[in-house]
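Participant: Protein sequence lines, in the order shown, are assigned to chains A and B. Note that this note's numbering has the first sequence beginning at 1, numbered continuously upward. Note that this note's numbering has the second sequence beginning at 1, numbered continuously upward.
Incorrect hints may appear among the rest.
Stated by the list, open to error - Pairs of lysine-lysine, DSBU-like flavour, derived with a Cα cap of 35 Å:
| id | chain 1 | residue 1 | chain 2 | residue 2 |
| --- | --- | --- | --- | --- |
| 1 | B | 100 | B | 218 |
| 2 | A | 189 | A | 168 |
| 3 | A | 69 | B | 43 |
| 4 | A | 23 | B | 110 |
| 5 | A | 64 | B | 218 |
| 6 | A | 20 | A | 172 |
| 7 | B | 97 | A | 77 |
| 8 | B | 59 | B | 110 |
| 9 | B | 84 | A | 69 |
| 10 | A | 172 | A | 77 |
| 11 | A | 11 | B | 43 |
To be verified - Rough simulated footprint, nothing fancy, chain A against chain B, three-plus residues with beta-carbon under 8 Å:
| id | region |
| --- | --- |
| 12 | 89 to 97 |
| 13 | 133 to 139 |
| 14 | 199 to 208 |
Since the hints were made in silico from the structure, they are not lab data. Every residue gets a Cβ at the ideal spot worked out from N, C-alpha and C, and that includes glycine.
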Amino acid sequence: MANSVILAQLKREQILELLKEGKRLDGRGFEDQRPLSIDVGVIPKANGSARVRLGDTEIVTGVKIQPDKPFPDLGDKGILICTAEILPLADPNTEPGPPSEEVIELARVVDRGIRETEMLDLHQLVLIENKSVIGIFIDSSITDANGNLFDACSYASVAALLSCTVPKYEIKDEAPVLVEGVTSKPPVKTIPVSITMARIGDHIIVDPSSYEEACMDARLTITTNTEGNICALQKGGIDGFTFEQVVRCSEIALSVGTKIRKQLEKLM
Amino acid sequence: MTQLMNENGIRCDGRRVDQLRNISIKVGVLKNADGSAYIEFGKNKILAGVFGPRDVHPKHMANQDSGILRCRYHMSPFSVTERKNPAPSRREIEISKVIKEALLPAVILKDFPRTVVDVFIEVLQADGGTRCAALDAASLALADAGIPMRDLVSACAAGKVADQIVLDINNEEDQEGQADMPIAYMPNLGKITLMQLDGILTPAEYQKCVQTGINGCKLVYEIQRKALMDKYFTNEAQ
Numbered sequence: 001m002a003n004s005v006i007l008a009q010l011k012r013e014q015i016l017e018l019l020k021e022g023k024r025l026d027g028r029g030f031e032d033q034r035p036l037s038i039d040v041g042v043i044p045k046a047n048g049s050a051r052v053r054l055g056d057t058e059i060v061t062g063v064k065i066q067p068d069k070p071f072p073d074l075g076d077k078g079i080l081i082c083t084a085e086i087l088p089l090a091d092p093n094t095e096p097g098p099p100s101e102e103v104i105e106l107a108r109v110v111d112r113g114i115r116e117t118e119m120l121d122l123h124q125l126v127l128i129e130n131k132s133v134i135g136i137f138i139d140s141s142i143t144d145a146n147g148n149l150f151d152a153c154s155y156a157s158v159a160a161l162l163s164c165t166v167p168k169y170e171i172k173d174e175a176p177v178l179v180e181g182v183t184s185k186p187p188v189k190t191i192p193v194s195i196t197m198a199r200i201g202d203h204i205i206v207d208p209s210s211y212e213e214a215c216m217d218a219r220l221t222i223t224t225n226t227e228g229n230i231c232a233l234q235k236g237g238i239d240g241f242t243f244e245q246v247v248r249c250s251e252i253a254l255s256v257g258t259k260i261r262k263q264l265e266k267l268m
Numbered sequence: 001m002t003q004l005m006n007e008n009g010i011r012c013d014g015r016r017v018d019q020l021r022n023i024s025i026k027v028g029v030l031k032n033a034d035g036s037a038y039i040e041f042g043k044n045k046i047l048a049g050v051f052g053p054r055d056v057h058p059k060h061m062a063n064q065d066s067g068i069l070r071c072r073y074h075m076s077p078f079s080v081t082e083r084k085n086p087a088p089s090r091r092e093i094e095i096s097k098v099i100k101e102a103l104l105p106a107v108i109l110k111d112f113p114r115t116v117v118d119v120f121i122e123v124l125q126a127d128g129g130t131r132c133a134a135l136d137a138a139s140l141a142l143a144d145a146g147i148p149m150r151d152l153v154s155a156c157a158a159g160k161v162a163d164q165i166v167l168d169i170n171n172e173e174d175q176e177g178q179a180d181m182p183i184a185y186m187p188n189l190g191k192i193t194l195m196q197l198d199g200i201l202t203p204a205e206y207q208k209c210v211q212t213g214i215n216g217c218k219l220v221y222e223i224q225r226k227a228l229m230d231k232y233f234t235n236e237a238q
């Protein structure tokens, strides 16, 4: 696919011509996402897991839950950490090694979406205040990178969380001990849905493919919650947005997000 | 918990909802750098230095058709209450990226193929809103280095505190407030070049928050312009 990304840069003119006629390279409408499929429980050794395909982008996410020490200034809350890795097998341009700027941004944007919507009630994950809490680690492995990793990774992380079971820990001699065979559902309050839009020229398109990403001017990821609020934002890309465009993007994120949320709600 | 706003709508540091912290900027403060600026934005103290256009190392990063922009945002270990590990954190790496992407729309690097413009930002003291203050200084350092630009980039956060939309979130408001939305804006081109959000806003609050942030950026722009003119249009400069 490496050559096709370079090809896509050369194809910018053609993509722009199509956009003027209201069309996209793969035949989608501007606000259409690629097909989304979600399978949960794909990794039985994890406490929760999901394999998500968004078009040709594929991600496997696992949730591991284990006792940990709380962050010093957040002793009354459990720990939530999202990471992501674009596996070398996912993309010919990715090499093994320390995470790139792009991957760090990806993981932090997914993390922010889950954290800022307050999807999980982290107060319910405290074992001993300031000493011992339950940590939820959400690790995403991107296995096929074909555009819009932000949304795919967010859906996979949310799906893995929704389908996870939380093991029970008891405190014995001030240390957490696993209680075998007892689990509970995660303390879910709302369902975050991330919608990423690309601006190419004056056009705003939802769920950009890798071809579209290669020639986009700017990108905006908006995460909304079940109550219809806007909870997290991230602008990216080499150019900007007008005020009118960012307002339009928020409306699109809310309307398109509703469909995705219905799909995610079925996993509860 | 600190009271973030009193019954008269005055914030914990004595400001009104639409008021910026005190800002002072000096352009051209470093001898070695090609361009530089120092900003005090409330209690934030931040230095920005620009080098370039110059040769790219490592060479494979070079672009045959245009110059490239690199950016490093870094916090000094003594800049915050608890000592910060000097190694770059994931937060700093992300901020470096969003700052770079906020400056890219403004700089014109087409005429400098195979070169790099490096922007180095050092946060000497941090007190909420460092990425915006850093951007304000970095944009001036680029101008000071003589890099061709379409516009200055002005940045300022807006947010939600005690159920109200307010301008320029300080450290306490960032920690305990309801939402923080950093915005960077090119005032003459009307373009938002950085936008992030942590916190919950209704669609109406979201619009108001973006508008409040943009208004703040326009206020910052005037201070930036004055700082540039102080260096280049005064008698001492000649």
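Participant: For each hint, tell me whether it holds in the structure or not.
Facilitator: So, going through the hints one by one against the coordinates:
1. B/100 with B/218: Distance ~20 Å between residue 100 of chain B and residue 218 of chain B Cα, so the pair holds.
2. A/189 with A/168: Given that 35 Å is the threshold and the Cα spacing comes to 20 Å, the pair holds.
3. A/69 with B/43: Cα-Cα ~32 Å, so holds.
4. A/23 with B/110: Holds: residue 23 of chain A and residue 110 of chain B sit about 31 Å apart, inside 35 Å.
5. A/64 with B/218: violated (46 Å)
6. A/20 with A/172: Roughly 67 Å separates the two Cα atoms, so the pair is violated.
7. B/97 with A/77: Holds, at roughly 29 Å.
8. B/59 with B/110: With Cα atoms ~18 Å apart, residue 59 of chain B and residue 110 of chain B stay inside 35 Å; holds.
9. B/84 with A/69: holds (19 Å)
10. A/172 with A/77: holds (20 Å)
11. A/11 with B/43: With a Cα-Cα distance of about 48 Å, the restraint between residue 11 of chain A and residue 43 of chain B is violated, given a limit of 35 Å.
12. 89 to 97: Three-residue rule met by the region 89 to 97 of chain B, so holds; n is 6.
13. 133 to 139: Result for this restraint: violated, n = 0.
14. 199 to 208: holds (count 7)
Hint compliance for this structure: hints 5, 6, 11 and 13 are broken, all remaining hints hold.
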